[in-house]
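J.: Sequence:
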Amino acid sequence: MTIESPDAIAPDSCDCCAEGNHGYSASKEAYLKRLRRIEGQVRGIQRMVDEDKYCIDILTQISAINKAMHAVSIGLLEEHIAHCVVNAANESRDTGNPEIVQDKVIEATAAISRLLRS
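Position one of the sequence shown corresponds to residue 0 (numbering that gives the first Met the number 0), numbered consecutively onward.
Honestly, I wouldn't trust all of these hints.
[Claimed, not checked] 25 angstroms max Cα-Cα, derived DMTMM-like pairs, lysine to aspartate or glutamate:
id, residue 1, residue 2
1, Lys27, Glu38
2, Lys32, Glu77
3, Lys27, Glu77
4, Lys66, Asp49
5, Lys66, Glu78
6, Lys66, Asp56
7, Lys66, Glu28
8, Lys66, Glu77
9, Lys66, Asp51
10, Lys32, Glu78
11, Lys66, Glu38
12, Lys27, Glu78
13, Lys52, Glu38
Just so you know, the hints here were simulated from the structure itself, not pulled from any lab data.
Turn these sequences into a full structure, and let the hints guide you.
T.: Pasting the structure below:
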């Protein structure tokens with residue numbers, strides 16, 4: 000199997016995600032709760048800057064947000080692989096079309112590459 004550049008354009012969705020059935024669907028509420036918490040942390044940092052708080056304290060909060068966003072990203076990536084990539088592998092096996100799984104591997108590789116650059 001040849002894997003193209005991780006910067007290749009990947010599809011926005013897949014057949015297994017039709018009608019909102021994404022890999023993260025079972026954990027959607029947990030993700031939303033975590034993202035709302037992160038949103039509150041960002042507002043807190045805005046307030047800290049507005050109130051001229053100590054820069055190191057602000058940087059500490061930014062670090063916490065980055066760690067929280069990283070955890071969300073890794074969780075979504077794990078669920079994408081477990082759901083979309085596994086479904087593509089099964090479909091590829093069933094149809095004999097290796098391009099189906101190759102496209103999903105390229106898509107996942109591009110996502111990992113973006114995460115590593117951030």
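J.: So, for every hint listed, does it hold in this structure?
T.: Tested hints:
Taken as a hint, the Lys27 and Glu38 pair is honoured in the structure, with Cα atoms around 16 angstroms apart against an allowance of 25 angstroms. A C-alpha spacing of about 18 angstroms is found between Lys32 and Glu77, which places the hinted pair at or below 25 angstroms, so the restraint holds. For the proposed pair Lys27 and Glu77, the alpha carbon gap of about 14 angstroms is at most 25 angstroms, so the pair holds. With a CA separation close to 23 angstroms, the supplied pair Lys66 and Asp49 stays within the 25 angstroms bound.
Taken as a hint, the Lys66 and Glu78 pair is honoured in the structure, with Cα atoms around 18 angstroms apart against an allowance of 25 angstroms. The suggested pairing of Lys66 with Asp56 holds, with an alpha-carbon distance near 16 angstroms, which does not exceed 25 angstroms. A hinted pair counts as satisfied when its Cα atoms are at most 25 angstroms apart, and Lys66 with Glu28 qualifies at roughly 19 angstroms. Taken as a hint, the Lys66 and Glu77 pair is honoured in the structure, with Cα atoms around 16 angstroms apart against an allowance of 25 angstroms.
Between Lys66 and Asp51, the direct Cα distance comes to roughly 24 angstroms. Compliance with the 25 angstroms bound is thereby established for this hinted pair. A hinted pair counts as satisfied when its Cα atoms are at most 25 angstroms apart, and Lys32 with Glu78 qualifies at roughly 17 angstroms. The straight-line distance between the Cα atoms of Lys66 and Glu38 is roughly 13 angstroms, inside the 25 angstroms bound, and the hint therefore holds. A distance of roughly 11 angstroms separates the Cα atoms of Lys27 and Glu78; the hinted pair therefore holds under the 25 angstroms criterion.
Distance hint between Lys52 and Glu38 is fulfilled; the C-alpha atoms sit about 19 angstroms from each other, no more than 25 angstroms.
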